[in-house]
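Peer 1: So you can see what is in the structure, the chains are spelled out below.
Number of protein chains: 2
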Amino acid sequence: MERISTVRQIAQTKGAEAVLLTFLPDVRWVCGFTGSNGLLIVLPDGAHFITDGRYTTQAQSEVEHATIHIASGSLFEYAAENGLLAGRTSVLYQADKLTVSEFDLLQRRFSAVTWIGADDLLVHVVASKSPEEIERMRRAQHLTERVFEEILDVIRPGLTEKEIAAEIVYRHLKGGAERMSFEPIVASGPNGALPHGRPSSRKIQPGDMIVLDFGCHLEGYASDMTRTVAVGEPGEEARAVYEVVLQAQQAALESARAGMPSADLDRTARRVIEDAGYGSYFTHGLGHGLGLQVHEWPRVSHTADYVLPLYAAVTIEPGVYLPGKFGVRIEDVVVLHEEHAVNLTSARKDLIVL
Amino acid sequence: MERISTVRQIAQTKGAEAVLLTFLPDVRWVCGFTGSNGLLIVLPDGAHFITDGRYTTQAQSEVEHATIHIASGSLFEYAAENGLLAGRTSVLYQADKLTVSEFDLLQRRFSAVTWIGADDLLVHVVASKSPEEIERMRRAQHLTERVFEEILDVIRPGLTEKEIAAEIVYRHLKGGAERMSFEPIVASGPNGALPHGRPSSRKIQPGDMIVLDFGCHLEGYASDMTRTVAVGEPGEEARAVYEVVLQAQQAALESARAGMPSADLDRTARRVIEDAGYGSYFTHGLGHGLGLQVHEWPRVSHTADYVLPLYAAVTIEPGVYLPGKFGVRIEDVVVLHEEHAVNLTSARKDLIVL
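Here the protein sequences line up with chains A and B, keeping their order. Last residue of the first sequence: number 523 in the working numbering, and the count goes up by one each step with no gaps. Last residue of the second sequence: number 523 in the working numbering, and the count goes up by one each step with no gaps.
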């Protein structure tokens, strides 16, 4: 079904005549626009897309299923002045993607409308990826893997985390990435015990474990991968922890499938880590959805209370972080099918000792 | 005066007992926190900073003037459960930096509070930079200039815009930048006529004009610079337009000072371009403020209705864009003093023909 029809159906179930989409990744998902300013009004019998003059040409080549409007000032003001919601009495809007000030303006300018706010309006339908989306994600993930292989030749004692991060970014952009999906994490030695540390000026030392976590956007879609490598012999404890994290990830990869409670998938990996005595050092959830955004619904977490949807793309990324010592995290992206998960990631996972 | 006292003074003038800051650059400006999740409650006799467990260590080393709290879930819920606004009846909040859903939660959880919404709450005080901030901006701008000089040796026919952009990013990160302040613009030949085009796979050709617009964050603060260079002889029209844009910028740099209406500064440059017959091809405002963000209040624009504040850092970036042919833009960052502007940018501005 066309995505815009899906939006109309959601409007119906919420008792709304129209939908105002203000969250850009959702606007893109529905009508194809990739710019940085735009909103979409979905009506039962049509749709209006509004952007500004910078995007006149781009909107014409990208936007489908909607009449294109170019506003010179506020997009909301344009919609009001041009009566784009004329005659509509109930409109669904994204309450978690609109500021209080913007909503005040809407209420003033569309005084005849009853506004129906919703959080997470499209997350369930956006989560299920089409075959074309999965192919794009596979290409993005493949570029990230290629960069990982190149980076293995770059890493050596004496380089700083920041320098390695710069190499990672450079190679993604040279490889065609539109942008990084987040600032690369290069966390060496004790820095690896901070799950989201930023690259520092710390120099790589012999014996370091290094957590490398990075991804890009290619054709709109995000990649995300973590590998932990050693620079010289890291010692017994590091090897043991690596093996535990790898087994935890393997257990999750083997049991992952659509229809499974998110919490159960998290626990599959968590149990392996707990049984090895490291339970209190796995301090985050197992993974997250991704697609047009690098972090999307659903989370894969023992605190989540929902079931994982069919064709969702999610990360599986268990980790163990020993304060003052090192961290280990291993992350793949998988797509959930009815009976199994398809791994989009093929980079090797045995402990690499450089 | 301490910044937190400034916030208290603003609260007083708005008749509020407390202020809730939710916009992270403002939170950073007041208390120093540089992480990605946090909020600040400023009371007449103290302040509360709330973040999550990822930032325990970082908050302790960064945050000044506030009691630090670590929340395990929603920061707003934490504030409610721990009575951080107990006894306060009127609280100022950032209506343009809070979603409708977040505000609904606040209203439910703090039923005794009257919420006073404000847009642009701190923009006027954030705009005036301290000497230390200006030094940081100078260092950021200097790094960007150094990268520009290096890039001149890289640019040659056959390279794509994307490849040049990758080199620009790489050199900034290697030079110590925390991140780019925006995706670099590398717009060659006819692409230069799109003021905000993204780097494409177009290969540089002999005779091209190339618009190079980029900047980074260093020590938190943003740089931003544009230069337009030619690859081989670009021809008479390009040389003539370059001269007009340069003269327009020069006129603005010479007249810029604090206390001047923003519109007047814009018109100083615009008049030069209009007099040369290119007025309709200068399709954007003259500049924008910058600091912790690369785009801040004030805009420098003929449509602005305010006066430029003392010690504001703003860009001066006139441009002429000839559709189908080329574009020229030249951009410096200046700090506005009482009688003149101090240019933080020293990269050469004669037309460079590579």
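What the hints contain is simulated information worked out from the structure, not anything from laboratory work. Careful: at least some of the hints might be erroneous.
Repeated chains share a single entry, so a pair holds when one copy, or any two copies, can fit it.
[What the hints assert, rightly or not] Calculated pairs, SDA-like style, for lysine to any residue (alpha carbon to alpha carbon, straight line, at most 25 Å): (1) Lys343 to Gln276; (2) Lys494 to Thr452; (3) Lys518 to Pro194; (4) Lys494 to Val522; (5) Lys518 to Ile239.
Remember, predicted model here, so these are calculated numbers, not experimental data.
Peer 1: With reference to the structure, classify each hint as holding or not holding.
Peer 2: Hint check results:
1. Taking identical chains as interchangeable, the C-alpha atoms of Lys343 and Gln276 are never at most 25 Å apart, the minima being 47 Å within one chain and 49 Å between chains.
2. When the C-alpha separation of Lys494 and Thr452 is checked against a cutoff of 25 Å, the pair qualifies only within one copy, where the shortest distance is 15 Å, while the shortest distance between copies is 56 Å.
3. In this assembly of identical chains, Lys518 and Pro194 lie within 25 Å of each other by CA distance neither inside one copy nor across copies; the values are 32 Å within and 39 Å between.
4. Taking the shortest alpha-carbon separations for Lys494 and Val522, only the intra-copy value of 17 Å comes in at or below 25 Å, while the best inter-copy value is 53 Å.
5. For a Cα distance limit of 25 Å, the shortest separation of Lys518 from Ile239 qualifies neither inside one copy, at 50 Å, nor across copies, at 35 Å.
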